[in-house]
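Trainee: Chains as they are written, first to last, in the numbering used here: chain A, 1 to 141; chain B, 1 to 391; chain C, 1 to 153.
Note that these hints are calculated values from the structure, not bench results.
All of these numbers come straight from a predicted model, not from anything done at the bench.
Errors might be hidden in some of the hints.
[To be verified] Keeping only pairs whose Cα atoms sit at most 27 Å apart, straight-line, the calculated DSS-like set for lysine-lysine is:
no., chain 1, residue 1, chain 2, residue 2
1, B, K223, C, K49
2, B, K183, A, K37
3, B, K313, C, K89
4, A, K72, A, K109
5, C, K55, B, K34
6, A, K37, A, K109
7, C, K89, C, K25
8, B, K309, C, K89
9, C, K149, A, K109
10, C, K49, C, K25
11, B, K283, C, K87
12, B, K313, C, K87
13, B, K309, C, K149
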Amino acid sequence: MVSILAWSRIRSPWILYMCTGACNACDIEVLAALAPKYDVERFGILLKGSPRHADVLVVTGAVSRQVAPRLKRIYEQMPDPKFVIAAGTCATSGGVYWGCYNVLGGIDKVIPVTMYVPGCPVRPEAVIDAVAKLIAKLKSG
Amino acid sequence: MSLYQVPIGPQHPAIKEGFQYNFILDGEVIVDVKLRLGFMHRGIEKGMELRTWTQGIFLSERICGICNVPHTTCYCLAVEKLYGIDVPERAKYLRIIINELNRIHSHLLWIGVLGMELGFHTLFMYVWRDRERVMDLVEMISGNRVTPSMNCIGGVVYDITPEMIPIIRRNLDYLEERTKYYKSVLEEDPSIRARTVDVGVLSTDKALDLCAVGPTARASNVKSDVRFDDPYTFYDMIDFNLITYDTCDVWGRAMVRVDETLECINVIRQALDKMRPGPINVKVKRIPPVGEVTARVEAPRGELFYYVKSDGKETPYRVKIRTPTLANLPSLCEMLKGYYIADIPAIVASIDPCYCCTERVIFIDPNKGKKWTWSYDELRNYSRKYYGVGV
Amino acid sequence: MSTFNIEFIVKDLMNAFPNKILDYKLDGARSVFVSIDASILHDVIRYLKDRYDLKHITTISGTDLGDSIELIYNLSPLNRRILVNVKVKVSRDNPHIPSVVSLLPGAVLYEREVHDLLGVVFDGHPSLERLILPDDWPEGVYPLRKDYKVEVK
Chain A
1 MVSILAWSRI RSPWILYMCT GACNACDIEV LAALAPKYDV ERFGILLKGS PRHADVLVVT
61 GAVSRQVAPR LKRIYEQMPD PKFVIAAGTC ATSGGVYWGC YNVLGGIDKV IPVTMYVPGC
121 PVRPEAVIDA VAKLIAKLKS G
Chain B
1 MSLYQVPIGP QHPAIKEGFQ YNFILDGEVI VDVKLRLGFM HRGIEKGMEL RTWTQGIFLS
61 ERICGICNVP HTTCYCLAVE KLYGIDVPER AKYLRIIINE LNRIHSHLLW IGVLGMELGF
121 HTLFMYVWRD RERVMDLVEM ISGNRVTPSM NCIGGVVYDI TPEMIPIIRR NLDYLEERTK
181 YYKSVLEEDP SIRARTVDVG VLSTDKALDL CAVGPTARAS NVKSDVRFDD PYTFYDMIDF
241 NLITYDTCDV WGRAMVRVDE TLECINVIRQ ALDKMRPGPI NVKVKRIPPV GEVTARVEAP
301 RGELFYYVKS DGKETPYRVK IRTPTLANLP SLCEMLKGYY IADIPAIVAS IDPCYCCTER
361 VIFIDPNKGK KWTWSYDELR NYSRKYYGVG V
Chain C
1 MSTFNIEFIV KDLMNAFPNK ILDYKLDGAR SVFVSIDASI LHDVIRYLKD RYDLKHITTI
61 SGTDLGDSIE LIYNLSPLNR RILVNVKVKV SRDNPHIPSV VSLLPGAVLY EREVHDLLGV
121 VFDGHPSLER LILPDDWPEG VYPLRKDYKV EVK
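Chain A extracted, bound-state conformation:
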């Protein structure tokens, strides 16, 4: 039973996407990864609407103070095992928003992160590479 579950996770991780106070450039690049040119759906990845359905949380944006509790709540609502991809320089470390009073910094200040993807904005190829590495990591246990 466990191996079937592991197999299904590796074959098609479902992602939930959340923006936490970004400029939107990373958001549209993550969406572009779903569009026909980069087509992340060929890996079995689907964009889902609810945290209850998702395996992977893709977060962009330097966390604003207002959104931090919501991010934590979304993370807690996801069933285990769950993985978090911090897409973009802002999600990794706060990026260009140093010295901005409403920004906490990278998302690892709020939730644990599995994978960091740098870039301003992050390229769709980098997002696909991150998901492929995640699948490889799942395969190897």
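For chain A, the structure is supplied; the task is to place chains B and C on it using the hints.
Mentor: Here is chains B and C on its own, set in the frame of chain A:
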């Protein structure tokens, strides 16, 4: 019967960035809307005061990733006004080209997002595939797909070489043919028309009173576009049309954007024809003189405004930015009244904002003047009892 | 519609409100800053609205000048060809000024924003609530005031 308030806030499948709307509903009909912003608030105006004049360009570019080019253009126009300098002719045409490429990408993105909001995912996939051509052109010119960072104080930093021009023209021809196809889809497809015609109506008088800008206003027959009213760079040398529609609904706003995309292609062609060889920037001193200026440009969503004040130091004294979405929010609240919950994604998308959703429910009893909330646990227990699952 | 001459509008204002128009400065060919006394703000805006159709308010910019807070109301007519920036000063310790929402309904969010970030109170505003700062932001702390310092790591 009590009206109830449903907040739709920062994480939501329908929307991509952070606002919170509190819809006050009578059954399924929206009676009123209250706004709660702040999820995307980063404190940028204060951040600008800590950065040098050049570093400010990069921060202004990241206010909005989709319309980053108008932001840098407006900031550079304002600072150049403080210096009292004029950029070279070639730089003005290059600015026009990169601004219009950005407008095409933004409008095509919006058509795809409209498709997604209406549940028409095929349209989203088709349009975003064609939009990649624009991203490739921007990457060819500047090295980055989304944020070209092309503007600098005194002009631009990247040039268009003669080898790039036939590639640009070829891609523009392709985009023109595809945009005409999407225009026919929006005009003829019965499902799109059923969801957008006479939905989210904003009358001309209301649009003027509430100071709407951009395609939101132009679809309500308000003839205003900063490129015509207060031309910057060389827009007054280029021959193009101000697109307005008088239907005042979501469909009108879609048609304004599609027609503007066709006009943008026309503008870029003229700019490429008129551009002559020459320098692309001028050197400026590190610190501008004391003064205060305003600058306006037409971003894809409407009039973008910057107020910059210098006190002769390395960093600005004050930078005030007014983005077009903020100007359209009062109009949005007006447009939503009287329509159904199911119309919310289409109407909200029609002003072309950037945002997302979440949260709890607030009950209001207007007869008794009572207001009460339920915590997450109370809501959960109520639903378990209701469905007979056991608390 | 004809484009208005900025200098003409300023001279007309100076005739209509003698001694209350403190200063004016041109800002490019199509924009002007006009400093006025805060007591006549409503009258000036009504005058500009009725006489020159300056009904579109672009924004209200607030700046902390140290000894006072300066508010700039950016107004333009239907054809948006010119920009008249009306400047008023309010005291930092008692920053009250009448709201202009009754004259310009589009100003409703701009006044909330200035209230949130600079602490100016617009008397008569329909709902002067928090707009963009987080719910747990401390009361009485206004980030755009110069005495609010940001830590840079």
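Trainee: Determine for every hint whether it applies to the structure shown.
Mentor: A quick look at each hint next to the structure:
no., hint, verdict
1, B:K223 to C:K49, "holds (18 Å)"
2, B:K183 to A:K37, "holds (22 Å)"
3, B:K313 to C:K89, "holds (23 Å)"
4, A:K72 to A:K109, "holds (10 Å)"
5, C:K55 to B:K34, "holds (24 Å)"
6, A:K37 to A:K109, "violated (34 Å)"
7, C:K89 to C:K25, "holds (16 Å)"
8, B:K309 to C:K89, "holds (16 Å)"
9, C:K149 to A:K109, "holds (22 Å)"
10, C:K49 to C:K25, "holds (21 Å)"
11, B:K283 to C:K87, "violated (33 Å)"
12, B:K313 to C:K87, "holds (23 Å)"
13, B:K309 to C:K149, "holds (19 Å)"
When each numbered hint is compared with the structure, violations occur for hints 6, 11.
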